[in-house]
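**Student:** Using the sequences and the accompanying hints, generate a full structural model.
From first to last, the protein sequence lines are chains D and H. Numbering of the first sequence is given in this note's numbering, commencing with residue 1 and proceeding in unit increments. Numbering of the second sequence is given in this note's numbering, commencing with residue 1 and proceeding in unit increments.
Among the hints, a few may not be true.
[As the list claims (entries may be wrong)] Some chain H residues close to chain D (C-beta under 8 Å, calculated; not the full set): (1) S10; (2) T11; (3) F19; (4) L22; (5) Q26.
These are computed hints drawn from the structure, not numbers from a lab. Since we're looking at a predicted model, the values are computed, not measured. Every residue, glycine too, gets a C-beta built ideally from N, C-alpha and C.
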Amino acid sequence: MTSLNDLLNVPGASVDLDDDFDTVNEYFLERGWGDGLPLIPPTEARIEAMLAWCDRPWEIPIGRMAPRYGEATPLRLAVNAVMAGCQPRYFPLIMLAIEALCEKTFNRYSIQVTTHPCAPLLVFNGPIARELGINSGGNALGPGVKANATIGRAIRLALLNIGGGIPGLGDMATVGSPAKYSYCIAENEAKNPWEPLHVERGFPIDATTVTVIGAECPHNVNDGESQTGEGIMKTIAGTMATTGPNDVYYPRQQPLLILGPEHANTIARTGYSKADAKRFLQQHAWLPLGKFSNENIERLFKVTFKERYANAGPDAPAYAVQNAEDIMIIVAGGIGKHSVYLPTFGGSTCPVTLPLKRRDGQLASTIEEFHLG
Amino acid sequence: MSELRKRGISTAVVCSTPFMTLGRTQARTFGVPDLPLIEIPHPFGCLNNDEVRQRAEGILPQLMQLIKERIQ
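**Tutor:** Printed below as a string of structure tokens:
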């Protein structure tokens, strides 16, 4: 393997600066390298410590990141992970997430450049997510936990610095989203009364996986009164069925519902499997076509769903999601009668799930095993 | 579009003004820095059909010029 010193000595690969926090930050932020927040200076020693957790050649791209189609090499990713403040042992999950983002079906280009405020949400499952302390409990999408904050930020810095998703140049978002600073969560599998997301998507329970989803910010669902699954899901269905999300205009979409543990427990206790819950939500999450403007009805609904709405009146149902199985459900969060719903970029993106494997192709069950494997 | 351009077929991308920089950088990324971009005013969403036709007519001279250059 080429040494780090050799890689950094390639012309243009590195810059010589005083090892001073303010000097480095001034230099980087002046050039638009970063997310606007202070960056940890990516010194050779810090990069080397990050790359100690890399099982691939440091200079061979894992993928190309749009819209610049910059090469996401482990070396470049390590620089961004350092700047984000990651612990080195997070690095295998960062490389895995980048690999997932570069899968064709995720639609890396459009997710980056669109005027829509979507951002790749990372959902982690499995033993290594727990081992690394990725928050799946109270405030799972909030601040305060290093793993969530810095893994999500490392991905964003890579999207900016390698992908070129720079606001106004390669990211044309109209208003944007706070989820573009960091968007990372683990599923609370211990509080999930059903099968967790990665098992539902075909992986063993002891696999560690990342699922990337091109999602909007979460919209809260407060229901502290309903005592049955039907009651809670009726409230959730109402939150899902609104006039603005991209999803409602597409024939296929895969939005994410993050059920708080208390809501999930009530729904399961009422007798609903996860598939049953999805069916209930799909059937009840609709609003009358007349809630949409005439132009949207004529130019979108009657074009996308030509046969269904050709002669439809204002009371015809417009569904938030067309197919029950396309509603993704995870359980996360702590105490409280809240869940959140995340619409997506719409029909041109598909969530992608990848497992963390060792060099020998077997699933890694601990981060140390991945490191040594 | 870049693939068509590389095959020698007359091509152009229509961009509204705020997307011109992205269009130019994407053309370079895909190895066709000379890919013609036809600029139209922003916004073009929310237009009625007559207004869309007017926008299209407005860029016809640019389009015709491109085709002429290609033929020569």
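**Student:** With reference to the structure, classify each hint as holding or not holding.
**Tutor:** Hints and how they fare:
no.	hint	result
1	S10	violated, 24 Å
2	T11	violated, 18 Å
3	F19	holds, 7 Å
4	L22	holds, 6 Å
5	Q26	holds, 6 Å
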